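Novice: Position chains B, C, D, E and F relative to chain A; hints supplied.
Number of protein chains: 6
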Amino acid sequence: MRPSGRQTNEMRPVTIETGVTMHAEGSCLIKCGNTHVLCTATIDERVPPFLKNSGLGWVTAEYGMLPRATNTRMRREAKNGQSGRTQEIQRLIGRSLRAGVDRVALGERQIVVDCDVIQADGGTRCASITGGWVALKLAVQKLMKAGDVVADPLVDPVAAISCGIYAGQEVLDLDYPEDSEAGVDGNFVMTGGKLIEVQMSAEGSTFTRAQMDGLLDLAEKGVAELTQAQLTAVS
Amino acid sequence: MRPSGRQTNEMRPVTIETGVTMHAEGSCLIKCGNTHVLCTATIDERVPPFLKNSGLGWVTAEYGMLPRATNTRMRREAKNGQSGRTQEIQRLIGRSLRAGVDRVALGERQIVVDCDVIQADGGTRCASITGGWVALKLAVQKLMKAGDVVADPLVDPVAAISCGIYAGQEVLDLDYPEDSEAGVDGNFVMTGGKLIEVQMSAEGSTFTRAQMDGLLDLAEKGVAELTQAQLTAVS
Amino acid sequence: MRPSGRQTNEMRPVTIETGVTMHAEGSCLIKCGNTHVLCTATIDERVPPFLKNSGLGWVTAEYGMLPRATNTRMRREAKNGQSGRTQEIQRLIGRSLRAGVDRVALGERQIVVDCDVIQADGGTRCASITGGWVALKLAVQKLMKAGDVVADPLVDPVAAISCGIYAGQEVLDLDYPEDSEAGVDGNFVMTGGKLIEVQMSAEGSTFTRAQMDGLLDLAEKGVAELTQAQLTAVS
Amino acid sequence: MRPSGRQTNEMRPVTIETGVTMHAEGSCLIKCGNTHVLCTATIDERVPPFLKNSGLGWVTAEYGMLPRATNTRMRREAKNGQSGRTQEIQRLIGRSLRAGVDRVALGERQIVVDCDVIQADGGTRCASITGGWVALKLAVQKLMKAGDVVADPLVDPVAAISCGIYAGQEVLDLDYPEDSEAGVDGNFVMTGGKLIEVQMSAEGSTFTRAQMDGLLDLAEKGVAELTQAQLTAVS
Amino acid sequence: MRPSGRQTNEMRPVTIETGVTMHAEGSCLIKCGNTHVLCTATIDERVPPFLKNSGLGWVTAEYGMLPRATNTRMRREAKNGQSGRTQEIQRLIGRSLRAGVDRVALGERQIVVDCDVIQADGGTRCASITGGWVALKLAVQKLMKAGDVVADPLVDPVAAISCGIYAGQEVLDLDYPEDSEAGVDGNFVMTGGKLIEVQMSAEGSTFTRAQMDGLLDLAEKGVAELTQAQLTAVS
Amino acid sequence: MRPSGRQTNEMRPVTIETGVTMHAEGSCLIKCGNTHVLCTATIDERVPPFLKNSGLGWVTAEYGMLPRATNTRMRREAKNGQSGRTQEIQRLIGRSLRAGVDRVALGERQIVVDCDVIQADGGTRCASITGGWVALKLAVQKLMKAGDVVADPLVDPVAAISCGIYAGQEVLDLDYPEDSEAGVDGNFVMTGGKLIEVQMSAEGSTFTRAQMDGLLDLAEKGVAELTQAQLTAVS
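Chains as they are written, first to last, in the numbering used here: chain A, 1 to 235; chain B, 1 to 235; chain C, 1 to 235; chain D, 1 to 235; chain E, 1 to 235; chain F, 1 to 235.
Hints are computed from structural coordinates only; laboratory data are not their basis.
Take the hints with a grain of salt, since some may be wrong.
Identical chains blur together in the list; that is why a pair holds if it fits in one copy or across any two.
[What the hints assert, rightly or not] Straight-line alpha carbon distances no greater than 20 Å define the calculated SDA-like cross-link-like pairs of lysine to any residue that follow: (1) 79 x 44; (2) 194 x 205; (3) 31 x 11; (4) 79 x 42; (5) 145 x 48; (6) 142 x 72; (7) 194 x 216; (8) 145 x 18; (9) 142 x 71; (10) 194 x 167; (11) 194 x 209; (12) 142 x 19; (13) 221 x 5; (14) 52 x 98; (15) 194 x 183; (16) 194 x 103; (17) 31 x 20; (18) 194 x 214; (19) 79 x 47; (20) 52 x 204; (21) 145 x 45; (22) 142 x 46; (23) 145 x 235; (24) 31 x 18; (25) 142 x 22; (26) 194 x 228; (27) 221 x 209; (28) 31 x 228; (29) 79 x 110; (30) 194 x 168.
Keep in mind the model is a prediction, meaning the values are calculated, not measured.
Excised from the complex, chain A in its bound form (with noise of 0.2 Å):
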């Protein structure tokens, strides 16, 4: 019933390769199904001024889409500058990782996350998100094993995931063609068991606490297999 023929509680594969670029401190490339993001993490030794001398920490993040990432080619942002739409996700990706950050034990450096979309197939901040976290991880392992950090500031990894309505059937993981239907659709963010964000939305529609919590339960199984793959993908 789903047109990719999954079951309603069915993720897409997730595979996380990690090391894919010569510069970055931590990356990887995160294929969810046909959505594919390259993240990489950039260690600075500089925080942003409201932080300076503070001691703490911060992980902020950027997120963009290739052009043609996309059925239909978008008009590049670095041209026109960028959308409403991508500054809501790049907010999000950052306050998410940050829930996940120990910012005294991180200590007064500031790690710069780039999520960059080559193939888009819905889910992309979530997808994101999680890998977001692998590349994140990677560049704080490395500052431990040069000695800059000493108590690891990431314990449980930070995983999201959409769900949503789709022909009046509560699904998991929405790709393109079930998201441009959805009458309501939502994004978990959760780490270690626990709600970092929920984001639910209607559009044209409404939904019941009943409904929400469907979704709820759909959300903690997805998240439970990110997790997985993530703490596959660091060790």
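Specialist: Same frame as chain A, now just chains B, C, D, E and F:
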């Protein structure tokens, strides 16, 4: 225990004054405690290009804050462009209001809702949605009185409220001192007893499903009170 | 003969309500007929770079209009940048207010006056100057009460009024219907019975020195009345 | 007593060389002392959208300064956008030139006057208006020679001059050393013995009506001389 | 003697993988040593305005670099606008590809080639041209298979290589360590044994015609090898 | 056979007038036929950040065109930002001039060369380089006269000329009618008989090494004549 001395499930006083500007087709000044937002609705007989000849109406929103609406003066957005936060908020307002509109009944025209924060003390996006709906309703009443719209495209009010976990307790309707300390906060948009949008976010923290349920209970109580104020204002 | 039925030398009713926002160091809502401007003054202990260590203070102004302050909705400047007209007006407001300030007595600090038009019906720049001076004065009174400023840097009020030639007659205090038809109009900024700024402009027309004198006579009358209202407001 | 040794009512030498560029329909290089402005007029058979099918013509102006036209190099506006000052000046030039045009006689076409300051020594906006009118007239003569315009839409020259109070004295045609010291200065635009625009401004000072009259007397003398130079140039 | 141990006339290994994205009409990932560029070609049935109803086709290119494609993270162009260097490169790519296209045979449509650098180690503009031609060719093959284009508008491949004088020696295919030290470098674009574009540049140095000839000899060798790789990739 | 009647190896008449502006430390107006460029050199005792405390000087250039320097009026770059073409040209001018400067001898200061095209008829970038060197030299002479620079950092003049293939023939110094028709054109920057920069480009065409040699022969002849004019101008 709350800075304001309110009960955990107690809203700030809400007043909605209508007809506050001479030019707009619909307008109100909503005060949620010390948060004051001026909302105007402008009828535009032209729709955006993607709706031309579709027979469908459109509702969109813009949001702004006067530079000294806040405790510290902010830079004027007209000089610096809209921030990511501003764009994110106005996208939310527009999406929320549209969820409560029958776009066929509205007919092929656009209503632009402007929400400008005169004074801020937390919860400006929620007040904008709640007040924005009142301005929108008044503009639609004008269209109906003129016979330009026959069936009312706005049935149930759309209202929004924030809740959060402050000092370990679930509280309703955060003011600025609470909002800036809360580890978890959420915005809940509802109509006719159902949900339109849920945005919950933890900053340097996490939350459980039980906590989420607690906040939803509070939100339902708050939205019921707001809806009452909206109906009084527009009748 | 005037659309409003006023005498040629009759001002619109003026009211100045002070203390209208909880955050600003000085604030007022000035109403000149249907033109309503919210003015706030913000004290900033840092001066612009060119005045560092000069011992001199600075006063500057910014001006804006809510999108639906006007009969037809204007595009929001935060989305499109400040127009040339807006910049010209805020330069005028700042220059006018500075002319009435003893910058040595003010001391090395800056006061930013924000003038935001809530509702427009002609004469917004003049109302901004007149109301802006009140907000400025209230902020300075706060500095003096705290002992941060000893000698009052603001002696005489600065006030402004527009006059023009409408339907062949010299009239005082143009409202929008007059302003949009007037072939000649002028803005006159005065303090202590002297002139600070005169801006007279003909659109598709010309004027004589005799007409100019007639408008100056009207302006002196108007400014005298405004000054009275200012002094009442700040005492 | 003036830095240049001129009498208080003495202009700088004015020369207007026409036909200085091979491409423009009208052009001149106006020199008011050491202030040199290149003015070109471009005929465009299309009018701005708001005049389509109105039968009315339009004249508009743009103003610029070469980065090293001034004593200290200014940042290039092409890299930083037009300043508020630049926009204010070009709006003044356009408004002034339009005041001297019979837009019905011009017919539905636009003439764009570009005024680019090659070397600046005070009074660039006045020189731009005076020289801009010459370029405009030459372009119109071309239209009339070709039979595209029948009745001359430009009757009297439009010219502008600055006056100010320097070292306590009313002086005509301020150069830069005077302009940067003057407490009061004004720009006066006239045509056919009447006024089009008066802009008087005090910086940290005030002025009386008597002083204003004194400056107007000087301006009338100056404009008469400029008008003579304009008529010689275009005949 | 070269940092990489290569002979002076030895290229880095080149691989061109085609069909790397699911959405684009043509795509490849070209790797010239550690320089990796993702090239996509998008067919657009609309041409730019200046070609409407001309019967002629158009090929244009855009170029970008992921922020961490380089050793040090660069600021994201979507936040800061395209740099002069980026614009210069994408103009070169477009001009080079157009030189190898029969625009009549292509018919009135546009193909946009996006070249996005995933990893940079010198020579990114040359790799973009070489890979861009492959993506373009694949898109054209699709048009021909569909019968939308009959005669092949692309006869000979267009390829580009850099050469330079490093440590006093003429060397082929500069990598980043060489490029950053070379006093003279050049980019050579060729097709069918002829030249399309030569850009030679000395930084703090000069070069003779004999040295220029030496670099051209190297470039011819390099382009021959690239052409072979291109033909293999598209067949 | 050339539109101008010139021989294939014949330059347009060149004149270089120095000292044309009162403010700049060095200036000239170079006329290459109908192409007229005003070049000024500004000495700035501060260097860009990346050279602080390096002891090295810097030379940079900016380029602009008056809107009606061309046959059809161009949009003013101050209103629209610098085009890619403009940025490409000013980067070339700066790079070319720097190649002829001994940056140690210049000392830690910056010279900014502004090249503004007053009238364009092809070859504006070459005229800018040739005239820009003269302005630069004059500014350096001023520094040497003042004893601020001891050893002359400018030995041989830097000059540039365009050549191209027009109507099948290799011609020297393209004017606009030739430039807009030429299938191949090139810009050649030289100093002391050696090359600094070669930019050859075919639009919808290709060229052979033999043709390239032919153009280089022409360029050498042209540069020799320009060098003579430069030396005359600065002595």
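Novice: Which of the listed hints are not met by the structure?
Specialist: Hint 5 is the one this structure does not satisfy, whereas the remaining hints hold.
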